[in-house]
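Colleague: Could you put the whole structure together from the sequences, leaning on the hints where they help?
These protein sequences, in sequence, are chains A and B.
According to the working numbering, the first sequence is numbered sequentially starting from 941.
According to the working numbering, the second sequence is numbered sequentially starting from 2.
Think of the hints as simulated: they come from the structure by calculation, not from any bench.
Virtual Cβ for every residue (Gly too), placed ideally from N, Cα, C.
Mixed in with the good hints, there may be bad ones.
Taking beta-carbon pairs under 8 Å as the criterion, some of the chain B residues facing chain A (in silico) [to be verified]: (1) L166; (2) I169; (3) W172; (4) L187; (5) L201; (6) T205.
Computed spacing ranges between beta-carbons, pair by pair [unchecked claim]: (7) B:D173 with A:R1023: 24 to 30 Å; (8) B:R113 with A:P1050: 51 to 57 Å; (9) A:K1107 with B:A132: 56 to 62 Å.
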Amino acid sequence: MGLITTVNDSSATPLRVPAPSGDASQDSWVTSRLDFLVNWARSSSMWPMPFGTACCAIEFMATAASRYDLARFGMERLSFSPRQADVLICAGRVPFKLAPVLRRIYQQMPQPKWVISMGACASTGGMFDNYAVVQGIDTIIPVDVYVPGCPPRPEALMYAIMMLHKKVQTERMSDKSLRREIEPDTESLLYIPPSTIDELSEPFGNSVHQTRSAP
Amino acid sequence: MTASLPPYESPVPGSAREAAGLPDPVTPRYIAHQGGPENPSVAALRERFGVAVLRSHVMWGDTTVFVDPKAVHDVIRFLRDDTAHAYNYLVDITAVEYRDTDQPLEVVWHVRSLPWQRFLRIKVELAAGSALEVASVTDLYAAADWLERECYDMFGITFNGHPDLRRILMWDTYNEGHPLRKDFPLRGRFSRAEQLSQALKIDTSGGYSTTELSIAEAFNDLPEDMKQRLRAARAVDPAALALPEDGR
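Modeller: What follows is the structure, encoded as structure tokens:
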């Protein structure tokens, strides 16, 4: 549905937009869904909080600069304070020492908030399958869009941003499950403890011959 | 971090090399892998410290001297303070552990003499299985502070006399070991879930000691002219700049 719909109805309401000709039968009406308006506003002016830790941040800067121009998406205002940010763009690897920092920054962002995980390292740990690097930021915070690449080109990041726009535009205010913080129910039969997930999902990637246990 | 280091003044002002009438150094066209002219400081060390200087060799034009672990602090102090050497720049402190775990672990100091344009690599061998302890040189070089902390964090070498020897790269409560040791598994000792849950418990503001956060200490370390400017600013508007009570 479009934003502005012309309705040929002469009943007088405050939402009636008078036609320039003065002909009341040609007056326009503005009608829309509140969901649509809200999502349109949100997706058109997302303020990104750049959390750049590595070379992905350089590509992010290139995306924000004039050649690729994030301003086209209403994102020219980089919010270096999480309190005024809508979308957290995690660009680069996150060492374990930064994990509590990243989580706190996410918690400091007001709802509604979204997260883009930019690059292989932020998404999976990338080639840093070692003692120091978080194996994907989705182990710390929820992620909406993953961008593959090492580092991703600006086009890839813009594609991710447009995907996020689409995601935002399909949100419904009536959906109560949105943005609800879920604590895992440890009593549930479906609950799998993190250690079991860890066991099932490893070894992964390279260096599979290395044992976890101390020699 | 108590920062009681006296201000260091180079024993040789300017270029000692030039003052001594030595020719300017020339970038060599060919450097032998092994051998070549040895750094003259090594001969002086041999003369002064005798058997404490174990051996030396030259590789790719750089001289490495092995010294006794007990004598290393005296050796470095001599190299720093003697005007004939004046190694006034501590480049790096690190350690080497070899794949053959029977081989001793080496602690390495890289020092450079800016007045004499010399570079020397000092090594100490710590026998495998022994207590990994060596003297700190923080009383000689302020730069040694973080370098020794890094070496302690990554290799577990204790620098005796360091004022604040704690981890610097890994967090304070990290208890998986010392990551650059050969017996440390690449992915760490704990499971990913355990590593993450421990990491999320890090107190992010606890990494700074009270001394690091203390403005009073920082003020006393400022140069005199900057202190005067700050005092003048406070005299104009006391609220604009809250100085500590002992900042005067």
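Colleague: Are the hints correct? Go through all of them and say.
Modeller: Going through the hints against the structure:
no., hint, verdict
1, L166, "violated (19 Å)"
2, I169, "violated (11 Å)"
3, W172, "holds (5 Å)"
4, L187, "holds (5 Å)"
5, L201, "holds (5 Å)"
6, T205, "holds (5 Å)"
7, B:D173 with A:R1023: 24 to 30 Å, "holds (28 Å)"
8, B:R113 with A:P1050: 51 to 57 Å, "holds (52 Å)"
9, A:K1107 with B:A132: 56 to 62 Å, "holds (58 Å)"
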